[in-house]
Every structure is written in C-alpha cells, then in structure tokens.
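Given these sequences and hints, build the entire structure.
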Amino acid sequence: MRTKTVPDPTTIFEKSSPGRIGCNLPVADTPPVDWDTALGKTRNEVKWPEIAELDLIRHFTNLSHINYGIDTGFYPLGSCTMKYNPKVNERTAGMTGFVRLHPLQPVSSAQGAFEVIATVQDILKEVTGFEEMTMQPVAGAHGELTCLMLIKAYHESRGEGAQRRIVLVPDSAHGTNPASAARCGFEVAHVATDADGNTDLADLERQAKDNVAAFMVTNPSTLGLFEPNIRRICEIVHACGGQVFCDGANMNAMVGTTRPGDHGFDCMHLNLHKTFSTPHGGGGPGCGAIGLKKHLEPFMPGPVIKKVGSQYELDQSRPLSIGRVSGFYGQFLMAVRALTFLLAHGREGLPEISRCSVLNANYVKARLKDHLPAAYDRPCMHECVLTATPYKANGVRALDISKRLIDYGFHPPTNYFPLIVPEALMIEPTETECKETLDAFCDALIAICEEAKSDPDKLHDAPSTQIVGRLDEAAAVKNLDVTWKPPTPEPAGAA
Amino acid sequence: MNVPSDLKYTKSHEWIRVEGDTATIGITDHAQSELGDIVFVDMPTPGRAVKAAEILGSVESVKTVSDVYSPVSGEVSASNDALGAQSELMNADPYGSGWMVKVKIANPSELDALMDAEAYKAALS
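These protein sequence lines are chains X and C, in that order.
Letter by letter, the first sequence follows residues 176 to 670 in this note's numbering.
Letter by letter, the second sequence follows residues 209 to 333 in this note's numbering.
Derived from the structure by calculation, the hints contain no laboratory data.
On a predicted model such as this, the values are computed, not experimentally measured, just so you know.
Backbone N, C-alpha and C fix where the C-beta goes; we use that ideal spot for every residue, glycine too.
Among these hints, one or two may not hold up.
[What the hints assert, rightly or not] Below, a list of computed lysine to any residue pairs in the SDA-like style, where the Cα atoms sit at most 25 angstroms apart:
1) C:Lys-259 to X:Gln-296
2) X:Lys-481 to X:Gln-296
3) C:Lys-271 to X:Ala-354
4) X:Lys-653 to C:Phe-248
5) C:Lys-271 to X:Tyr-583
6) C:Lys-271 to X:Ala-364
7) X:Lys-660 to X:Ala-650
8) X:Lys-653 to C:Ser-266
[To be verified] So, partial list: chain C residues that the calculated Cβ filter (under 7 angstroms) puts toward chain X:
9) Asp-250
10) Met-251
11) Val-270
12) Lys-271
13) Thr-272
Set out below in structure tokens:
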C-alpha cells in the first residue's frame, strides 16, 4: 500500500549542486566574457541554485501540490476572501477582442468595451438600488475611501465641510472602515452593538449630532446578522445631516433579494470578487465598484461613461468631481468577468446566490450548535459567527481548533473577528458548496471539539501533518526573515 | 486570572499603581491573555500631557491592534524602553517588567472613579 507522506520541505537552494545545469546553451558567436571579471564579487556572493530541468520541474510541481485553494478543497473564509469563480469567466476575459484593447485607443474604436462597463454598471444599479454606479475604484477599501471622499465633497458643497468631522463606525466594523475614515481626514467614533448583535440605537442617537459626516454600516453586519433597524438607522443619521455608507462586503447575503439603496443608504461599495466572482487579486487588480444616490452624482470620479444616441462617450464635464481615483477606466477585465457571471445567472438566478449562501451558513450553524455555539443565537445571513469559549477551561482557544482543522484537511475559518466576539470562529460556506462537503466540514469540527475535551494537546500541537508544524506567529511578525541561508556558513576567506 | 489587590483598574483593562504623585500604567493579565502574543508596543514620549480616558498608545498582537487609554490625567514621565526589543514582557509579566508608562498625576481625585481589584474581578466574570 502506498501511504501519503509529508511533502519534501527542501528548498531549491539545498537541492543545488555546483556545476549542474538545466539546459545547454549554444556556443556563443561573440567573444566570451569572463564571468568573474564581469560580475566580480557578486558572482561569488549570490548563490544561484544549480539544478537539472527535471529536478526543477519536480520541485515546483511538488510545491504546487502543497497549495490549498478553492479548487482543491472547502474554504470556509468564503466570499470574505474570494468565492468560487466559474471558469467560463476566464474564457470570456481572455477573448482576443478584450485582451488586445489598448487603454489609449480612441473611445469610438472601443465601443464594445464601454458597452461591457456600462452594462455591468446598469445591472449593479438594479441589484443595489442606486441611481449611479462607477467601476473606477480598484479594491474594496478604495471604494470605501472614494465614497467618503464623495461624502466630504458633498458636505463641503453645502458649507458644512469644517463642521462635519466625525465618522461613526460600529465596534464590529471591518478594520478598513476606520482606516478609510482616518485616511480621508475624519475623526473616528465607535457605535456600540446591543445584546442582540444589532446597532445600539440609543448609542447612535446619542452620537448623531451636527458634527457627524457619515455612519459606515456593514449590512449584514460582520456578525453575519441582518440589521433589522436599518431604515431607522438611516433616518437617525439623515436627521442630523449625516450620510450613510453601506460597506458592501457582505452583499453575497442580499444579492437579488434586497437592495441597500431601498434601505436608505446614500452610497455603497461592492467588492466584485466577493459577490460577482472576479479574482481577488491579492491587492490588485480588483474592483471596488461604488453605487450612489443622485445627490452625490455631481462629485463622481471621472471619466463617467455616458451613452449619447447609439455611441458611448466619456463625460469629463464635472466641475465638482473629486477627480480621478484610478488610471483609465479601472480594471476593465473585472467588468468582463462580472458581466459573464451576471448574465449566466440572470434576473431569476441571482436571488439563488443569496438564498443558498444564507441556507448553507444556517445549516453549518445548526449542525454545530451543541459544540460551537453562535455568538448571537438567531438566524444568520451568509456567514455564522461561532465562539470557542466552551473549551477555554480545557486550555483550548479558537486558534487551536483552527490549526487542528488543517490536520483534518480543511482550510481554517476566520479567527478572532469580529473583535467583539470572544474566541470567534467565523464560517462562510458561500452558495457553491454541497451538503456532503458541509457535513464533512462539520463532522471534522465536531471531532475536534471532542478532542478538545479528551486530548487538548492534540490541538495545541496541531498541525502535525504538514510541511511545518505550529508556527511562532509573534516571531514571524517581529523577526521576519525570508532569506535562505546555508545551514553551515563557509569558513572565512573561502570566497 | 491574576488581579493584584494593590492596584486599581479601568473598564478598558488597564491597571494603575500609585506611588506618591506618580502612576505606573500597564495592561492587565486578562488583556494580555485576550490579545495573545504581543509583537509591538507604541508608547508616548515622556513630556506629553495626557487626559484621563485619552489614548496613551497602542499594543499590537498577532490578533489585533488595541488602543491603551490613560486612567488618569497628567504628564508622561517615563515609558518602558525595554518593551521596544522585548514586547513579550507584557505577556510574561504584565504587572511587573511589562509596565508601559509612568504618568505624573495631575488630578488625584480621578483615581476615585477607578475600580479596585474586587470590582475588576466582578467586571471580568
């Protein structure tokens, strides 16, 4: 019988053997240059790995086998990171007509591309309930920042710029919310969460004064709960003259079923990678499209795509615009992928996304309720926030449970967020997982919870089946060293 | 959880030791335990004036970055330089070598609003 072994952890430098080469170069037809003369000391200081082609192929192929991604297994981070992207998206985004476009070619010769952007914007307006949409921002936090810049410009246009310097954020907010507010020059104040996991209305009313520029609300909240008082919240903030921004990170729970524009929000951002199946991009290229109500339209970043007759044109005449927020038209191929996804689902299919993602999260929550209780015991939206506090007495923390999941073949969920939930484990299955996968994941977590009681050290030592064991995260932060060094230094003067 | 009886405490999990007109301030054993391994401490420079409940600095752990609030008003007289290289002292010895700052107390009556060990223990449970 063949047993699965722990992958070979050797680096490519350790596999190197002096003089070994991966390919034979043809004889030079120019006068040879002596390497040592040309490169001097560098030639000896930089130890390039010397390795044969087959060994190189094996090295990187084996490394790729250690990767864990959505194409290899269940990923409970869900849309929080990036949900499954249907492969057809890549087919359309790779079509020659899109790929060979140049951002500087005349607008008249790229009408199809502008139609793609305008069509996605129109559908997203319909999905979110906003009157204007732009796909200029290139990431979610960039969309947040752009919305706050629009709100700032709006207040300034009314002569209230200096007075409205506070941005309210819930104590459960994504860290990007206060960061965007601070980056935009606002002061941040926190609004409390009540015992049911909703915005504490009394606390909001106390802070809703004429110095408030905006309230940034994530709905459903980061606790995975729909804010039942959202209309009242928007009324309270509007009554004091503030604007309400919707952090659209959790739009996957609402797409096709309810619209933030109808809830009373003035603007919102969407992460196309979270809801509309584009790549996350690891910091770019992404798309943080933003939707706005009419009163914010004069301040929109340019260029704005407008259809005049049968032609798409760029409307640059916007004297109150906050200006450009990205080069050209944002990340164009994100629009192609999002359009593919939107058209593949259609008006009838989009609500299935939110319904299935909400159903899957509630299924996980219900299956785990006797082992990992929900932080707030009520139906959740597309994600459930559970707490590992019952195992604290056994010396087991949320982190230990997550690390042990790796041994069971699953990627860990989000840990310790939202910050207001002790020992938080946030699980977001998304709409694409089948019941068998969810059951296997829940079975693993239940088995781990049993181990937490009977054999907690199994969790403390986890993971034990991987290329490395438990990593010292503090040391990794404080003494980050990504340079490989030979295990035994060469004697002095050897170079 | 270790809650020394000779100290005073805040709701936001700072402790304060009063000696004459000087207060030594740090974060509690509960706070360090919740934060996990601390990797960086941002401290005020001596000479800075602080008000009670104002941000004194911040503590970064592998989980999160948390603000530390001053329990009293006054002038920062010293900060614990050792934490620059050894932030783990805050985890290992939160009430001793892991102290954060010393403040010259401006208004001693503010101390009355702080919790004693019994009240802090009750707040934790």
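message = Name the hints, by number, that the structure is in violation of.
response = 1, 9 and 10
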